[in-house]
Structures are given as C-alpha cells and as structure tokens.
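These protein sequence lines map, in sequence, to chains A, B and C. In this text, residue positions in the first sequence follow this note's numbering: the first is 1, and each later residue adds one. In this text, residue positions in the second sequence follow this note's numbering: the first is 1, and each later residue adds one. In this text, residue positions in the third sequence follow this note's numbering: the first is 1, and each later residue adds one.
No lab work stands behind these hints: they were computed from the structure. These numbers come from a predicted model, not from an experiment. Certain hints may be false.
It does not matter which identical chain is used: a pair holds within one copy or between any two.
What the hints assert, rightly or not - The calculated DMTMM-like cross-link candidates involving lysine to aspartate or glutamate, where the alpha carbons are at most 25 Å apart (straight line), are:
#1 LYS229 with ASP302
#2 LYS283 with ASP72
#3 LYS283 with ASP74
#4 LYS247 with GLU270
#5 LYS283 with ASP302
#6 LYS247 with ASP279
#7 LYS158 with ASP86
#8 LYS158 with ASP203
#9 LYS107 with ASP203
#10 LYS158 with GLU270
#11 LYS229 with GLU102
#12 LYS229 with ASP258
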Amino acid sequence: MFSRLCHLCTIVLLSLSAVIAARYPSFGTIQTTKSAGVLNAVINNTFSPINLFDQHVMADLGNLIEELQANDTDVRVVVFSSGNKDFFFPHIDSNSLLPGYESPLPKFDPGNPNLSFPVALVWNITQLPQATIAVIEGRVRGIGNEFIMSCDMRFASKSPSVEFAQIETSLGRTTGAGGAMYLAHEIGRGRTFEYVLSSKNADAVTAAQIGWINQAFDTSTELHDYVQKLAARIALFPAQGIIATKKGINAVSRPPIDVLIQLAQNAYAELTQTPIGRDLTNKWLRVTNNQSLSAVELNYGDGEDIIELLP
Amino acid sequence: MFSRLCHLCTIVLLSLSAVIAARYPSFGTIQTTKSAGVLNAVINNTFSPINLFDQHVMADLGNLIEELQANDTDVRVVVFSSGNKDFFFPHIDSNSLLPGYESPLPKFDPGNPNLSFPVALVWNITQLPQATIAVIEGRVRGIGNEFIMSCDMRFASKSPSVEFAQIETSLGRTTGAGGAMYLAHEIGRGRTFEYVLSSKNADAVTAAQIGWINQAFDTSTELHDYVQKLAARIALFPAQGIIATKKGINAVSRPPIDVLIQLAQNAYAELTQTPIGRDLTNKWLRVTNNQSLSAVELNYGDGEDIIELLP
Amino acid sequence: MFSRLCHLCTIVLLSLSAVIAARYPSFGTIQTTKSAGVLNAVINNTFSPINLFDQHVMADLGNLIEELQANDTDVRVVVFSSGNKDFFFPHIDSNSLLPGYESPLPKFDPGNPNLSFPVALVWNITQLPQATIAVIEGRVRGIGNEFIMSCDMRFASKSPSVEFAQIETSLGRTTGAGGAMYLAHEIGRGRTFEYVLSSKNADAVTAAQIGWINQAFDTSTELHDYVQKLAARIALFPAQGIIATKKGINAVSRPPIDVLIQLAQNAYAELTQTPIGRDLTNKWLRVTNNQSLSAVELNYGDGEDIIELLP
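Please construct the entire structure, taking both the sequences and the accompanying hints into account.
Structure below.
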C-alpha cells in the first residue's frame, strides 16, 4: 500500500524548496513527499546505474539538508530510502580522488570550514532538528554506510541485495567520515575491527543481530510499513523534545568532531594520495569499469576472488 | 522460598537507620531486610496506586541512600524491587512540574548543589559503595527507567506487566536524569533513538535481547532466585574490590556529569516550562486522572490510540 | 588441515628475531610461524601446567611486541593462540604480588614509564601496526582476559574448557589492566557489572551472544579455519589502511590511558597490598597449591563452593 501511495504523490523537492533558495546546483536525484510532519526522501541518482554517492547526489543532499536545518517544526521526521533497489549507496565517486578532478561543489562546507563537503553532509545529518531514519534496500558501502550511520535509525529488508560494508581498508584508506567510529559504538570494538579491517559484507540478519541496524524485515512491505508507522508516531510529538533528545544522545554516542576530523577525514585524505592509495584508486576505476553495474560492484566484499583482483 | 522468607523478616528501615538520623521526612515507602551483606529494599508507595516516584518515595530513597553511602562494609549488595507488581515506577509526579508546587524536600541536593533532588538521587545510586541490582516486575517508565539504569544491574520477569520506556519525548521533554544517555551505552545509538524518540515500550524479552536489561526470566520465582544467588555471591567479596571496580566501570560508561546536567537535567527543566511543555503536563494530569490506576498508565507506550489523546 | 600444517612449520621466533635483538631474556614460550603477511603466535608456557601469565611469558611477549612494533609492513596480521588447550591464560602469577618478589623484568616498561610491565604489554598490543586476533581454546581469566580484550578481535571454540572471567573482585582487587573498562564497551555497563563484580565465568556461547567475543565455533577446526581465512584476507591489504583504521577505532573505544592508569593499574596495585589483599593472595596461593593444575584453577568462577574457600 505504501509503495502504491508513493507513486501517486511523488513531488520533486517542491514543498520545502519554496522556503529556501537552493545553494547548490540541482540535479533532481532526491524525490521528496511530505505528509503530517514526515518527509520521505527517495534517493535515485539517475546519472549512475549504481546510485553512486557523487557530485549530483551531494549537491541535492546539500540543498535538502540546508532546508531541513531551517525547518524545525513543520517536518519532524525524515525517512531516507533508495529508488535503486540494488544499491542504496555503493560508495563515493572515486574519480573525485584523481588529480585535477573538478566538482561543481565547494571542497569544504561553507558552514563547517574544517569539514570537507561530503564529511560535512553526513555530520550535519546527525544534528538535524528532525528524527532521521534510513530505510535500506540495496548495497550500502563506504560513505553509503557512513550516511546510514549518521541517521538516527536504520532498518533494512532481508533481501540478498542488502549488504553492509566499510571497504576503505581494502583500498589502503580508512573510513573518511567516521564510519568505523560510529560502528564501534553500535557493534562494539571487536566486531568493528573484524568488519572494517576485512572490508567484508554483513547481511541484514547479521547486521540486526549485532546492532549495526535496528531491525531486519522479511519483505519490503513489512519494512516500509514498520518505518512509516514509527515515523508517524514520532511526528506526533513536539519538535522541542525531539531536538533536545537528539542533542543528549549525540553528546554521548557520536565520535568527537576533532577526533573525526583528524583520524577519519584527514587520514583518509592523506592515504588516498600516497603512491599506494593512488595506485588502488586507479585499479578500482579499472576493475569496476569506472563504477559501472558490474560483478565487482555487486559482489565486492563477498569473496576473496574479487578482493584479490585489487591490491 | 525467597518470597516466603521475605514475609517473615520484613523490617521497616530499622537495621540501617540506627546508624544515621534520617535527614528527610520518613514515609515508610521502602521496606528493607538485611542478611549476610545483602540489603533487600522493596519499594511500595502506599500513597499511590501506581507506585508513583513522588515526594514520599524520594524522601525515603534520600534517607536510604545517605545511610548506604555511610555503610561501605556491612552491606555490600543492595537489591531494589517493587511491592506493586503492576508498577515498578511509572514516572515522576507531574504535579511537581506545576507552578506553585511545594515539596517537603529541598529543590537541590545539599551534597550536589548542581543536581536537582531527583537527579541527585539516581546519580548517587551509581556511586554507592555497594553493588546495586534492580529486580523488575511491573512497568518502568520515565524516571523509573532512569532509576534502574543507575543501578549496576537489571533483571526482569517476562510478565506482560513488565514494560520499559522513556516517555519524555512524547510529552515535549527530554529524559531529565540521563536515561537516554545510559541507554545509548547499553543498547546503542540507533535503538536508543528508536525507543526514546518514539516513547514506545520494550517488553522484557526484547529488553534482554538488546541489552537494556541483563536477563529476563520466565517466572517471578526464577527471577528472584537468580538475583538472590548473584547478590549472595558478590556479598562474599571484600568491599574494597567492589568499590574500586565500580569506579573504573563508571569512569568509562556513565554519562559525564556536566553533559548530564546541561543536556538532560537543565534541558528537561526548560522544556517542561515552555507553553507546549505546560500544556502537555496539564493534559497528562487530565487524561491520567491525576496519575490514577487507569488505562493510560497501564498501556501508555503500547498503541498509537493512547498517544494520540495527548499532544 | 591447519593443525597439520602447524606441526610441520613451527619455528621458534626466528623469522622476526633476526631483525631486532631481544631486549628481555628469552624463554621460548611463544612459537611463531609467518606466511603471507600473517604471523601465528602459539603461546605455551612450558614452565607452568596452566599456561600462567608469568615472567617467562611476559619476557617473550615483550620481545615479540617490540619486534612487531618495528615491523609495520611485512607482518600485517598477528594471530595469538594457546598451545595448552585447557588454559589460554588463567591469570597473572600471584607470587609477583608477594613482598620481596624479584623478576628478571623491569617493574615499569621502559617505553611507557607510567605503565607497569604487564599493563604496558597489553596496552601496547592495542596499538600494534598489525591487526591482532585472539583464538581462544582453554580458560581465560584475569590478565588473560585483559590480553584478549587488548587484541582487535576474539574468536573461541565452544569447548567446555573455554571460560571467560575477570576474577579480581573476588580477590579484593580490581582489573588492573583495564579489563572491566574494555568489557563495558563490548558488553555494556550492566553485564560488565554482573560478570566482573561476581567474578563468574561466561562460556563461549554466552560470550558471543553478549559481544564479549566476536564469534563461537562448534569445533576447533572451524575456529581455526575461520580465523586463518579472515587473517589471510586482511593481510592482502596495505598496512597504511590497517594502521590508520586501528587508530580511529582505538580513539573512540579504548579506555583513556590516564583513567586506566589511575582506576585500573594503580587501584590494583594499592588493593593487592592492603591487609585484605595480602591475605587473599596468600589464600589463593594456598588453595591453588601455588597455581598448580587443580580443581580450583579448572573450575574457579563456576560454583559458589570454590569461591567460599577463599575470602
């Protein structure tokens, strides 16, 4: 029923964008619908067959986040889902790591001069005045996982296309937006080391068992029904309590920003530009055929065979 | 066997109160028995059908805590349980939030001038020289949950009357004694956001699965047997090791006191006095018939129907 | 297959010790084999029937750790296991707590003047440039558990000989190398209090359920197969990413060193030298027949009967 409703009322970022002029170019990769205090945001990067977290998505997310920051009463819950059922977000666009790459976006976030643009995006999600929920169908890797960890809650379907991974160590990097640090809080130190150092996939059932996500559902319908009911319930409550409660929980469970800048963001930036890091970026772009819909993107993190292609 | 023993040897706060004169008025809401280093404290607020965490309970808890602070060898374990099998503690007395409310208790704890009286009570439980165990039968909500989170350990029966919730967000507040912060350490960031922002109930089985409580037991007898054995075992050991171990664990797992004061206690105080907060306090007192034994108190946090009465 | 290979290629600390001269006397309690970036280190204290964590093991660990600190590319994963299938590590040598005890080792680590030698050993494991994995067969108690908690990952077999405990509270002490603090991050505050204050055993299945270890396996073969595959996979990746990722995870999940020094190491040192602490050390040496292979060492932490022998 939910999916039927969805087809009827899809509106491209209209209700909110009336309020604030978009600061970044708009690419239409996020479709939003709003009803009774809940904003559903479906992310579908039509420029990429694998829903790449690239400049198009980042620009649209930047605009959406700025609108949400300014709207602390009308919208009380934001639900992020993916329009591509094979990929929620596979990872960042590795082209952005190549020398001479030019983006239409600023390198650093104007509101957070110490935070690079993608790191600022996910950091700012943690402090939105709304409750935020990630509804996961499809693969979640790299900054895709950092995106969902920055949301307040995470729910997934048990579809085999759902896989969670931080793949940076396999590429000679570390998790640049603090993904490993958020995981350490959710799944403990030992399991974080296991998944992040090995860059392997967790399926939805395992992820729910160890606390990576809140819950896994047998079907897409059950997943969406549960989340829409939860969102509708939270949206009944005054914004003032939601905002204050988020601040309190963040203060004791979010990585400290200076630690995140130094040991995630800056370490990532440095490692991607070492000879080893540059070599692996080039190899990655080659074996993925520039991040096209391929066996590598579909199955990376599953078996040793694919991993061994790389380093 | 334990329950039979209990009926035989109930003593109203005598063994300990010989040591120290009670600082606060005594209301007899806590019955204590002591044996072989274990103090069993049964809380039964005879002024309230729902075992309200009100001035009577707070005064008696204040006296008990002061006695325990001074007794660091004779008693090595304290077991808190409820004499009301439907309610462990439902929440604070909302009348205390009304303008002009007068309590026989000081507003701030004399030993902790930055801590309001109820916040000081639960904070001081965390640093008692004794091991502390909450044995949960009946509903635990609001400051009731903050009370059990401040104990070292939590065990519950699987009775349907056992429900855990932080309900403050639904009333436009935040958890004033740090309940959400303790939960973030126990059940992770994502599940804390889910339960606290939605103000919904967790049953005992779920609570044990996600780490909210240590363990859930099929029957009341199994629950009490397990806890009494555990308490008796800990009470065999010297106080010096219990005290030092508690300090070490607290140092890495308890919310920092300045964060708790600012983002829990003070945020709560502020939000309860906004127009929205005052309106919801009045509505709460109305729909609960001044916190009487009612469907709202029994089932709050279960279904959307009751929630919708409110805001 | 793994165990057969192991018998063929055992080399006593040769490959690495060519690089650096050993700083401490060598006792041959650690046998190492290296292959494709993975160092397998089997600990077998032939001076003790219970694989005591004594001066012999500590000297050999000290040498191994110094070699690993200097080798940040050739070895990328270290796997620690026990040559004694009944005991991984039972605890520290209690003789070292007696007045006048003399060790061939320095009292404080030369590289960490604030850390006693055993505390420095396990602390330094956390910051090795290699991924570290503990493969657990046999009992793990006291500093043995602190050793495995200092490793990045922990895997065990479900053999009845596998038991995990921090037994210090039962001896009037606290966990001197931060074991309780690491546990609080992995299994939560409530369960840490339960296990550490009661000094009781957790079996492998329970330990995996609550997050004390990563996973428990039905057989020794499955355990070793899983770990060797995991180690081989991580060893494919460049050291630079492993090192950076470990730094990030450590920064948010390891007890702060000043807290560990004050509330673990120094509290332990103080409590072992009180009259109660000295009395319990003497009793311990007596009931264990100086830590020989006995019912106490095999079953300590299981039943109240043995505990009651002691205090």
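Worksheet item: Going through the earlier hints one by one, which of them does the structure break, listed in rising order?
Response: 9, 10, 11, 12
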